[in-house]
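A.B. asks: Single-letter residue listing:
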Amino acid sequence: MMKIKRREFLEAGLYGIGIGAAGLLPVPPLFARAAQALGPQASNDGRILVVLELSGGNDGLNTVVPYGDDAYYRLRPKIGIRPARVRKIDEHFGFNPGMTGFERLYKEGKLAVVHGCGYANPSFSHFTSMAYWQTAAPNSGGEFGWVGRTADAIAPQAPPNFLVNIDARQSLAVRSKVHTPLVFDDPNKFAREGFYDERDIFAKVADAGNVENPSRRFLLDVARSAKSASAFVKQAWASYKSPVDYGITGLDLPKVAALIHAGMPAHLYYVSYRNNAFDTHVFQGDLHQRLLTYTSDAVSAFITDLQRIGRGNDVVVMMFSEFGRRVPENSNLGTDHGAANLMFVAGQKVKGGHYGKIPSLTQLDDGDNLVYTTDFRRVYATMISGWLGFKDTAGILNGNFEAFDMFAV
Amino acid sequence: MVRRPKLFIAGVVVLIVAATTPMRGLAQRSGPTRWQNDVTPIGPSDWNYDFAAHLLERAGFGGTPEEIDALARMTPAEAVRRLVYFQSIENNLPPFDHSGIHDPGLEPFPESRPAVTKMAKEKGEALGIKVKPGGDRPLQPIVNKFFYWLRASVLETQRVGYWWANRMLATHHPLEEKMALFWHGHFAVNEAKVRDYRKTLGQLELFYKYGTGSFHELMVAVAQDPAMLSFLDAGVNVKGAPNENFAREIMELFTMGVGNYSEKDVREAARAFTGWNYVDLQFVVNKDKHDEGTKIFLGQTGNFDGVDVIDMILKQPVTSRFIAGKIYRYFVRQDLNPEFQEKLGAVLRNNDYKIAPLLETIFLSRDFYSAASVGAQIKSPVQLAISTFKKLGLTEVPGVPDFNVATGTLGQRLFSPPTVAGWSEGRSWITPGLLLERGNFVRDVLFPDINFIPPDRANPAADVRIVAEKIRAGMDISTATIPERGSEGGLAESNMLADRDEDFNTRYGSFRGWQMAIEKVKPIPRQTAHLDLTRMVVDAGLKNTTQVVDYFIQRFMRVPPAEEKRQVLISFLNTQLSMTDVSVATTYMEDSLRLLLHLLMSEPEYQLS
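Chains as they are written, first to last, in numbering that gives the first Met the number 0: chain R, 0 to 408; chain D, 0 to 608.
Some hints here could point you the wrong way.
Claimed, not checked - Straight-line Cα separation of at most 27 angstroms, DSSO-like style, residue types lysine-lysine; simulated pairs: (1) 390(D) with 542(D); (2) 519(D) with 77(R); (3) 117(D) with 77(R); (4) 390(D) with 129(D); (5) 208(D) with 353(D); (6) 203(R) with 226(R); (7) 176(R) with 348(R); (8) 77(R) with 390(D); (9) 77(R) with 87(R); (10) 117(D) with 208(D); (11) 203(R) with 188(R); (12) 192(D) with 120(D); (13) 117(D) with 325(D); (14) 120(D) with 77(R); (15) 192(D) with 77(R); (16) 77(R) with 288(D); (17) 240(R) with 469(D); (18) 325(D) with 176(R); (19) 519(D) with 192(D); (20) 87(R) with 390(R); (21) 390(D) with 131(D); (22) 263(D) with 325(D); (23) 106(R) with 188(R); (24) 131(D) with 192(D).
Claimed, not checked - A short list of chain R residues far from chain D (calculated; beta carbon distances all over 10 angstroms): (25) 75; (26) 79; (27) 190.
Unchecked claim - Label-pair ranges, simulated between beta-carbon atoms: (28) 201(D) with 284(R): 27 to 35 angstroms; (29) 423(D) with 207(R): 40 to 48 angstroms; (30) 521(D) with 209(R): 50 to 58 angstroms; (31) 477(D) with 332(R): 29 to 37 angstroms.
Treat the hints as calculated values from the structure; they're not laboratory data.
For every residue, glycine included, the Cβ atom is placed at its ideal position computed from N, Cα and C.
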């Protein structure tokens, strides 16, 4: 562990020391044939990106607490987390007391903290800002999401099940021009429940052919996606038994682990802490800590679980929120919608430490918000080029964004 | 050419069906492409059975052939007015039957369990219960009651969901319910945050009162209603420390849409709403917390209050376009060009923001009947469920499968919209997972699960169940509530947070709260659907399997499946019945008809309206 002495860091960041990958288990070829049937991408050597959305606007300042900065306590006299309670990672920062999992990941050198992520002229609307993040198009938006466009660029032939979104609704982030994202929520229910006599008919899904009605075309496409993946997903989940405790919610990460374990050909996964959970306007202390505990438990368990199944080196998790929160606390022991925020990247191959310039707590914008120092699309570019190895990020992100050097070779 | 049941002779339906049915007859007729974006009313000569079916599908929850035919025999203007100006039509629907779970001690309900116990320690009582002077866990009854109310309100909300669903099914004012559902998505309030079914029910009653009336009155009523005030934390918006949540959502989601005001406007509007609050079910303005200073809002300066702000917002033409556009997308289709949207906005403005004239314009317009509109909508989960029941001829929402669980699984649980923005509608209703679930829902209606466990009686979270078993086995509270899981990966922090407070036990309170709630909240009736598809086929005078398949397609679907699929279904039924002649198979065909219907309703095309 390196100690952080100054408030601002070099752009390149300071890395923790990674631990060696030891004790990896070989992956049992449980689903080798089933995975093959799903698509040509099925292999274990492909790298996988998992995006975890923390919806509602996570309060970054109470997540990675700048306890070494007096301004933090001046601006947050009531909800500021006292130094004694913070889980210190260096002389300036410490995690929220609820985040033992992140503290451990950080100290093991598996967690990157990217500071000051945001964009110019920030929107304070959940839905607008989230759409900007999901499309990587601040102050404009777009028809397709950045994860969907990444899939389009990396796999233009659109092999099935390249892109998985575990949620009750499809996220704009995964909307793709050529891929039909696999979207499901409960793997136990992701199945056609029919009777014996019906099986032959359910096996046939009509081709969209020359259907003109666009809604009908859409439904026929989705029906084919459902048919091609549901049995695999259900089986993968049913046969997945993990001794790792993901905590209270798991945030759908156990499902991702099950699919990875089973050899799902997906390279992109999108999950979220749903329903605007992080929108902590009032009495945020206990609530926010609880949300962070659940997140920290789930993510650290996921990383542990991946190591257990021998895929630790193949997967990283990128976390973001649509905005941070107002720097001064409000009068209700909560915080209002803000601007620049932290992003996190976790994984065995991640060079842990701080990235990006720390935003100033004393030079806020007119609305008392942190001024962004890192265009969030730089982190996306880091995932696309640095992790997934696709170099032309400008085509996907509609602009050149310098990637961080974030991954060990 | 298919003829649909059009002649009613003393209640007997005479159906004339040609022996061989060409596919062309199954597709619904729609107006020409050039009708798209044309607000001109259609005339009586344009009117037909298919148009009436389309109207009832969108302005209501679809209908039986008899109901559609009744509309088809009117002129289009009469049919639309029948639906839009429904007030004079008798509608004997029962009011909600409260279980009686609330008591005055519950007000004001604290924001969290720690807040309750803190209050109890400070004041010696909370939630209407005094702290025990001594003994074990003196705060336990208070903690129990805290959890009781949380659970009881959730369970009562499920009963309100059933009550509403039954209204949708039985009403003679389908558009009233459809608009209430629209406003529920527009002014989206979630019981999980409000934690009081009386408030969410109260909001629904506003939608009945103002749903097709003045949007201005509705907006003010909603903004001054405890459900919304609670949901958007309006109560904590006070002079000197405005909380923007309420003002922001009013402008962004309820009236103008993003991009039509500045951040400064949001802050100034928040000041105007300071002091707005509620006490139990009453709106109050705390005068000493209201900011009486001058505000600058949308370019005007004055000492505005909340109603002034709403008035000024409604004077913006963009508000009329925003509301009209959203109503159009809900009823007609997702794509809407700006010129057409402005025409609809003008209808709203010119009618003093009354909703009914806008609805009349939309439902009479050529655009509504154009090829782009007909069969273009993906049914919402509630629409799917209610219209399925309706077309099956049910008069009551089945208790199995559970309506709330089923629609929730499909993405639209009443009183539980995912965010303050409501439901996204359109294609967002469908994912591969959800498309399969829609077929499974139909299966559960046609072939109810005999192992069904009522979610309002049993099946709380696993940890509650485990505590219940241990308490019943005679364990003491401390032992019974120790979390169970130990594992190779270690226990997650959240699972290690055992109760350390000696004054009460949260896990026990959670269990006991469930028990108390189940005792007080009335059970939801669990009758299954009473179906008689054989009777339906016989009454329709159908002779052979082809006619049965085509009749089902016509009765249940707005967009028929591909011809290849139709042939597959006909041969499926032939195999099932061992013959093509339906009259011979009458006594044994019920299960086969249900399988056929399950297959048909699992088709992607069944999702279209």
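A.B. asks: All hints are to be evaluated individually against the structure, with a verdict given for each.
C.D. replies: Hint-by-hint comparison with the structure:
1. 390(D) with 542(D): Holds, at about 21 angstroms.
2. 519(D) with 77(R): violated (40 angstroms)
3. 117(D) with 77(R): holds (17 angstroms)
4. 390(D) with 129(D): violated (54 angstroms)
5. 208(D) with 353(D): Cα-Cα ~13 angstroms, so holds.
6. 203(R) with 226(R): With a Cα-Cα distance of about 9 angstroms, the restraint between residue 203(R) and residue 226(R) holds, given a limit of 27 angstroms.
7. 176(R) with 348(R): This hinted pair is violated, its Cα atoms lying about 30 angstroms apart.
8. 77(R) with 390(D): Status violated; Cα separation ~58 angstroms.
9. 77(R) with 87(R): holds (20 angstroms)
10. 117(D) with 208(D): Violated. Residue 117(D) to residue 208(D) sits at ~40 angstroms, over the 27 angstroms cutoff.
11. 203(R) with 188(R): holds (20 angstroms)
12. 192(D) with 120(D): With a Cα-Cα distance of about 25 angstroms, the restraint between residue 192(D) and residue 120(D) holds, given a limit of 27 angstroms.
13. 117(D) with 325(D): This hinted pair is violated, its Cα atoms lying about 45 angstroms apart.
14. 120(D) with 77(R): holds (21 angstroms)
15. 192(D) with 77(R): holds (24 angstroms)
16. 77(R) with 288(D): Cα-Cα ~21 angstroms, so holds.
17. 240(R) with 469(D): holds (26 angstroms)
18. 325(D) with 176(R): holds (26 angstroms)
19. 519(D) with 192(D): Cα-Cα ~22 angstroms, so holds.
20. 87(R) with 390(R): With a Cα-Cα distance of about 36 angstroms, the restraint between residue 87(R) and residue 390(R) is violated, given a limit of 27 angstroms.
21. 390(D) with 131(D): It is violated: about 58 angstroms lies between the C-alpha atoms, which goes past 27 angstroms.
22. 263(D) with 325(D): Distance of about 26 angstroms is within 27 angstroms: holds.
23. 106(R) with 188(R): At roughly 39 angstroms apart (the allowed maximum being 27 angstroms), residue 188(R) and residue 106(R) break the hint.
24. 131(D) with 192(D): Status violated; Cα separation ~30 angstroms.
25. 75: Check passes; 14 angstroms lies beyond 10 angstroms.
26. 79: holds (17 angstroms)
27. 190: Violated, because the least Cβ-Cβ distance between residue 190(R) and chain D comes to about 6 angstroms, which does not exceed 10 angstroms.
28. 201(D) with 284(R): 27 to 35 angstroms: Given range 27 to 35 angstroms: holds, Cβ gap about 31 angstroms.
29. 423(D) with 207(R): 40 to 48 angstroms: violated (23 angstroms)
30. 521(D) with 209(R): 50 to 58 angstroms: holds (54 angstroms)
31. 477(D) with 332(R): 29 to 37 angstroms: With a Cβ separation near 32 angstroms, residue 477(D) and residue 332(R) satisfy 29 to 37 angstroms, so the hint holds.
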